[in-house]
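2 protein chains.
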Amino acid sequence: MKTRIRLDEARETAVDFLCRHGMPPEHAGMVADHLVYAHLAGHDYAGLPRLQPMAAMLRERGTGGTIRTLRETDQSAFIDGAGVNGYVTSTLAMDKAIALAKKSGVGIVGVRDSWFSGLLRYYVERAAEADLVALHAANSTARIAPYGGIDRLLGTNPIAFAFPSDDGPLVVDFATATTMWGDVLLHQRRGLPLPEGLAIDAQGMPTVDPAAALAGAILAWGGARGSGVGMVVQALGILGGSDPIVAEDGVWGYFFLALDPALLMPVDAFKRNIGALCTRVEASRPVPGGPPVRVPGAATRHKVAQGRARGWIEVDEAILASLAAAAH
Amino acid sequence: MKTRIRLDEARETAVDFLCRHGMPPEHAGMVADHLVYAHLAGHDYAGLPRLQPMAAMLRERGTGGTIRTLRETDQSAFIDGAGVNGYVTSTLAMDKAIALAKKSGVGIVGVRDSWFSGLLRYYVERAAEADLVALHAANSTARIAPYGGIDRLLGTNPIAFAFPSDDGPLVVDFATATTMWGDVLLHQRRGLPLPEGLAIDAQGMPTVDPAAALAGAILAWGGARGSGVGMVVQALGILGGSDPIVAEDGVWGYFFLALDPALLMPVDAFKRNIGALCTRVEASRPVPGGPPVRVPGAATRHKVAQGRARGWIEVDEAILASLAAAAH
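Heads up: the sequence lines are chains A and B, in that order. In terms of the numbering used here, the first sequence opens at residue 1 and continues consecutively. In terms of the numbering used here, the second sequence opens at residue 1 and continues consecutively.
FYI, nobody ran anything at the bench for these hints, they're computed from the structure. Each hint should be verified, as a subset may be incorrect.
[What the hints assert, rightly or not] Only pairs whose alpha carbons sit at most 25 Å apart, straight line, appear in this in silico BS3-like list of lysine-lysine: (1) B:271 / A:102; (2) A:2 / A:303; (3) A:103 / B:103.
[Stated by the list, open to error] Okay, the calculated bits of chain B under chain A, using three or more residues with CB under 8 Å as the criterion: (4) 101–115; (5) 118–128; (6) 160–172; (7) 197–205; (8) 276–290.
Positions of the beta carbon are idealized from the N, C-alpha and C atoms, including for glycine.
Work the whole structure out from these sequences, hints included.
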């Protein structure tokens, strides 16, 4: 059963819960904004349901140390995340890259030693809304076997790009793994087989058994080319300060780039041209019997805008009850 | 029949041929270096066989005007390619981005109005050999239908990344189309059907008939995710100065980014970590019965190095004969 909850209530619920688990209020506010956004975007699993697992992480790892900038120029910053939650470090890092790009034309930021940061599109969209082009890549604990291999070497390794446009940002974000680790865990918990082609067992044989996949590896998406993109994300994460291969207790790396299109052309002309590209794609003919052709990320953007205008989201009652119970 | 030819002879053959077709000698030298590299890399089709089609383009379009920098800062340049061959403009643009990054930490270069530029890895590798991280994307004439669509809106849209490493650059480059336009033409000329799943006809139905594909569209690679990468390349090309959608006589756009890892960390540490990633991937266990796990681009790099040491390549005798005949 789902229940309707106002956006400010949902945010407050998340802030309260996280503060009770030791997170400083300004950090809790950043996480809460992201979780509400995830509901608006239609990714309910990435919203308030993330709070209990996050609390478990906070109990296990603590709230982290002091985030510090280790190296800085007019166009770059290298930040030690000090084990603080990625929703916080990535918000700070993207905003830093935006500020640098507004000042210097380009902003490049690396963040080492953080953890899970949610939806990458949330960050790059901030840059595009500030009329900047953005690239963000994030590596993480090795769970994915590169193309042709058995051993877990890469993280789920998502990458995201955003471009400002007359028509609202063009945002492309995707993971370079066939599926998420959490999704395999979910299938295991529910006793369901995985779809075919996502995972291998410890001997490298294809498997649909979640337990065998957890002992083996998830496959890189997209064959050799997709696995190559996974390698790019791994390398950009290394540039962000990660270990070469991130072991269970290893250091993750995040990379952010913001870039002012005015370096190359008038911003208005750039935004008009990106808008024209998106308009042409949306107006193009679908394959026979197929749905309308979509611009990547556009459906999500529209959902978020509509949700903000509406002012409420629907959240699983059981989730709200568990968060309330944790308050006592 | 193939015949052995020394690298300097192959280069001279290309330079002579291009100069006879009106290309200035310094431009011809840049193209020739690239074509010899293509042979070394094992992509013979992208080597001397490209000269005759290039001559046809030069006859049709001329050798282009004067390449000019329209906008420049300490970290960026926007260049009008003036219709000059892409092998030339991309070499100049990548070298400009490298020079800017060496001076300012970051170099961002856009090139508008150029044409075919060969192998993208050739350019980004130059940056990685100079200890820089590089990204290069190139859009072109619309031939590819984005995911779910029929209409040709995107170019073949390749993208390339390179990272310096202790072990030689890590280079990842790939096109975001299932196949190349030239490959469809080749199948048509030879009367061969295309492999399945690459193309659609003018009504959007799957086809293996090259003529139907040429009247229809080539498909984007990698489903929705791959098509999203194609959109990213299109948008980066727009940032490089292209039209939003590039019609037959439209303007292409190239985007180059070079970035000094020293902005974020000591270069030696970065190179060591990228080297460690590659070593771990190469040492990982392959799937049962499969070949050794490969680092993207590494086989090509080794082939090029071996070929340079050897000092010769093998070229189709018919190609050499046709180039010699064109001299009279």
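TODO: List in ascending order the numbers of the hints, as given earlier, that are violated by the structure.
DONE: 1 and 5
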